[in-house]
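Use these hints to put chain B onto chain A, whose structure you have.
Quick mapping for you: the protein sequence lines, in order, are chains A and B. Just so you know, my numbering puts 150 at position 150 of the first sequence, and the rest follows in order with no gaps. Just so you know, my numbering puts 595 at position 195 of the second sequence, and the rest follows in order with no gaps.
Treat the hints loosely; a few may be bogus.
Stated by the list, open to error - Dumping the calculated BS3-like pairs for lysine-lysine here, alpha-carbon to alpha-carbon at most 27 Å:
(1) 767/B with 367/A
(2) 25/A with 655/B
(3) 744/B with 648/B
(4) 367/A with 334/A
(5) 744/B with 734/B
(6) 367/A with 321/A
(7) 255/A with 243/A
(8) 92/A with 29/A
(9) 425/B with 255/A
Claimed, not checked - Residues on chain A that point at chain B, a partial pick, calculated with CB under 10 Å:
(10) 222
(11) 226
(12) 227
(13) 229
(14) 259
(15) 272
(16) 286
(17) 290
Everything labelled a hint here was simulated from the structure, so no lab data went into it. Predicted, not measured: the structure shown is a model, and the values here were computed from it. All C-beta atoms in this analysis are idealised placements derived from N, C-alpha and C, irrespective of residue type, glycine included.
Number of protein chains: 2
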Amino acid sequence: MADSQIYLASTTAPVNIAVIKYWGKRDPKFNLPTNSSLSVTLAQSDLRTHTTASCSASYKTSDSLLLNGQDQDVSGARTQACFRELRSLRQKLEDSDSSVPKISTLPLKIVSENNFPTAAGLASSAAGFAALVRAIANLYELKEDPTDLSRIARQGSGSACRSLFGGYVGWQKGEQQDGSDSFAYQVAPASHWPQMRALILVVSAAKKGVSSTTGMQTTVATSSLFPSRANETVPRRMKEMEKAVQEKDFETFGKVTMMDSNSFHATCLDTYPPIFYLNDVSRAAIKVVESINAAAGKIIAAYTFDAGPNAVIYYLEENEKEVAGLFKAAIGEKDGWGVERGQKLDANSAAYESVAKEAQVAVDLLKEGVSRVILTGVGEGPIKTEEHLIDAKGEPVKKA
Amino acid sequence: MADSQIYLASTTAPVNIAVIKYWGKRDPKFNLPTNSSLSVTLAQSDLRTHTTASCSASYKTSDSLLLNGQDQDVSGARTQACFRELRSLRQKLEDSDSSVPKISTLPLKIVSENNFPTAAGLASSAAGFAALVRAIANLYELKEDPTDLSRIARQGSGSACRSLFGGYVGWQKGEQQDGSDSFAYQVAPASHWPQMRALILVVSAAKKGVSSTTGMQTTVATSSLFPSRANETVPRRMKEMEKAVQEKDFETFGKVTMMDSNSFHATCLDTYPPIFYLNDVSRAAIKVVESINAAAGKIIAAYTFDAGPNAVIYYLEENEKEVAGLFKAAIGEKDGWGVERGQKLDANSAAYESVAKEAQVAVDLLKEGVSRVILTGVGEGPIKTEEHLIDAKGEPVKKA
Chain A
1 MADSQIYLAS TTAPVNIAVI KYWGKRDPKF NLPTNSSLSV TLAQSDLRTH
51 TTASCSASYK TSDSLLLNGQ DQDVSGARTQ ACFRELRSLR QKLEDSDSSV
101 PKISTLPLKI VSENNFPTAA GLASSAAGFA ALVRAIANLY ELKEDPTDLS
151 RIARQGSGSA CRSLFGGYVG WQKGEQQDGS DSFAYQVAPA SHWPQMRALI
201 LVVSAAKKGV SSTTGMQTTV ATSSLFPSRA NETVPRRMKE MEKAVQEKDF
251 ETFGKVTMMD SNSFHATCLD TYPPIFYLND VSRAAIKVVE SINAAAGKII
301 AAYTFDAGPN AVIYYLEENE KEVAGLFKAA IGEKDGWGVE RGQKLDANSA
351 AYESVAKEAQ VAVDLLKEGV SRVILTGVGE GPIKTEEHLI DAKGEPVKKA
Chain B
401 MADSQIYLAS TTAPVNIAVI KYWGKRDPKF NLPTNSSLSV TLAQSDLRTH
451 TTASCSASYK TSDSLLLNGQ DQDVSGARTQ ACFRELRSLR QKLEDSDSSV
501 PKISTLPLKI VSENNFPTAA GLASSAAGFA ALVRAIANLY ELKEDPTDLS
551 RIARQGSGSA CRSLFGGYVG WQKGEQQDGS DSFAYQVAPA SHWPQMRALI
601 LVVSAAKKGV SSTTGMQTTV ATSSLFPSRA NETVPRRMKE MEKAVQEKDF
651 ETFGKVTMMD SNSFHATCLD TYPPIFYLND VSRAAIKVVE SINAAAGKII
701 AAYTFDAGPN AVIYYLEENE KEVAGLFKAA IGEKDGWGVE RGQKLDANSA
751 AYESVAKEAQ VAVDLLKEGV SRVILTGVGE GPIKTEEHLI DAKGEPVKKA
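Next up, chain A with everything else stripped away, as it sits in the complex (with noise of 0.2 Å):
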């Protein structure tokens, strides 16, 4: 019987960090930015979102979705705006060709995992919402090409738009009002500076921070130093940035992440009232990192902060053991370290006795502060899978 049968697709999709960030929305509706960013895709080995779509008429439910086994309201106007905008593609198709099955208006299921602790404070929603939309794009069998697909994903979560590429990937803001030209392009696939590492130092924050969303509009509000940053800081380093990747010069690239970051963090300073989101932890990150650099007489390791203290750490493979071994080395066993990578990875004690001396302070800060490590790197964009969170029978499948 046509009625209950159960329409799948599964896709998993990856985290992205910038390193030109995304703050400040110049149109709320419909998340468009007040300045384009540049991001790193990671490894979805280290870091994924696993989701399923599926829909039936045998659903007696209205649209649901299931995150790491728990219930979600998917009545936000950024979910009900990614299900609207998917649909309407869907039915275009259905409209173009009778043979189509007419699916675009049956009940959405929807089962979502992620492969890493909720707790560790990553950004989630990007991987999250590029997962949904390009699993309901594969369940509708949708033409619309990953920089289409970026637009939806774009209202969901802004910095969604980037996880639908892999390797290195820009959001260009775009000029006009409805959001048509404010969509995400790839800059370089992972396979061409494969060798991006990334280490991940999980703090542990006395509590939770202002959200982004609040946090961005009250700056955008308060801030007067903003504006130059957007309007002048931004465009410049998103083309030194792209050409940094072209032409794969960590030194450039490097520089202009540890820039960008701090002057992100400087805006939120400067909002009022003020927004932290680094702490002396944080800051002890940013030391190391300047004394890795300093002993290797460049810039080997660049810093960056999302909206919380966590540090992440971008470097070579080459470079491998004088950073995230030198990390290892000085911050001790923590939660990270013992997956495949980094049981491969030797504490580099020699190197970090060096830094040592000149960041004892610092060393111990992070000893105490970090609470675990992800080890990862450049990695691909989504991954259409025939792994299913959904049973023949459109149950969530059962977790082993």
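Coordinates of chain B only, in the frame set by chain A:
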């Protein structure tokens, strides 16, 4: 014998804490700033430098300066500039009137003492150079007014120019290359708004940060946000602040004070490499001030931070209980509560209890990180004194 006569003059000079910050030099040689600034002069009973200037043909040594019992190097360009300019003014007096003793070329012997611990990390160079210039001007019986002298003190230490006046003091950046129009002026005397109080929380820093001279030059050279602060934000805030002082409008005074401190520290963070003066204890002080203002339903307390982690909290006398009293209850026994005014101040445990609920982490950080407090308020400019630190034989007076 005239040759052995000891000429002596003494003064005290105050510390000032800016509410519109000086950060950035447009000319390092003349100490010319990139933006105007405005400060409150603090009471000398709590914080002052006491300086005696003397000269005599009998002095065997060249110019010398003894500060808190330690010989200081006077060969630096800044001290030399002050000596040179003051001698030149004295020379003019001598040239114009032959009855004036010819002392401009005699060796100078200067003895200075601060009434506050150097270890407190309070910017003492402002009071120090103001006292040095004022004492020598007294010694030379110069007719120049404080504005004229502020041009000289500025060359010793930028913010010293503001310590030549009491009350509320502006320093106009000026436009001339020679610095002739870069001087301090009184916005209003202390008597205009004598209710202004200041609570200083001295925070023990793990180590000394970047010096302000080095720091501000790096900011000017590398911060992309700095020009908009210097060219747009500060000129607007100078007008707002002068008006707030004239109208005794604490809410505007407080809001602009906090925003300008944040703006200054934002440009430090936007410097490459970034400069951090605020630490987690500083942030905790900000949090408690925000809680106090939230409880009051208006701005009754305003934080500001110079190039270090110490918090200065301005408030009006009428709110001493709600502000200083709350801090006394929150951070407990510390050096500084014991002196005169501090003893009279009751710990406001009731107000503290209500704030503690939402700011317990901040309060714990303050308890641990504040090493001493100074309870003071707006005060007078330099005061001439007959209490000399050099005796009739030209020797430093031994302390009892």
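Check your understanding: Are residue 425/B and residue 255/A close enough, with their CA atoms no more than 27 Å apart?
Key -> holds (25 Å)
Review point. Between residue 367/A and residue 321/A, is the straight-line Cα distance small enough, at 27 Å or below?
Key: holds (19 Å)
Check your understanding: Are the Cα atoms of residue 92/A and residue 29/A separated by 27 Å or less?
Key -> holds (24 Å)
**Study point:** Interface hint compliance - residue 229/A to chain B, C-beta minimum distance less than 10 Å
**Key:** holds (6 Å)
Check your understanding: Are residue 25/A and residue 655/B close enough, with their CA atoms no more than 27 Å apart?
Key -> Between residue 25/A and residue 655/B the Cα gap is close to 25 Å, so the pair holds against 27 Å.
Practice item. For the hint on residue 222/A, just tell me whether its beta-carbon gets within less than 10 Å of chain B. Key: Nearest chain B Cβ about 8 Å off; hint holds.
Practice item. Hold the hint about residue 259/A up to the distance rule: shortest CB distance to chain B must be less than 10 Å. Key: holds (5 Å)
Practice item. Would you check the hint for residue 767/B and residue 367/A, treating anything up to 27 Å between C-alpha atoms as holding? Key: Distance of about 23 Å is within 27 Å: holds.
**Study point:** Interface hint outcome for residue 286/A [beta carbon to chain B under 10 Å]
**Key:** Interface hint status for residue 286/A: holds (7 Å vs cutoff 10 Å).
Check your understanding: Within a Cα-Cα threshold of 27 Å, do residue 255/A and residue 243/A meet the stated pairing?
Key -> holds (13 Å)
Check your understanding: For the pair supplied as a hint, residue 744/B and residue 648/B, is the alpha-carbon distance within the 27 Å limit?
Key -> holds (26 Å)
Review point. Would the hint on residue 227/A stand, with a C-beta cut-off of 10 Å toward chain B?
Key: holds (7 Å)
Against the hints set out earlier in the document, no violation occurs for any number.
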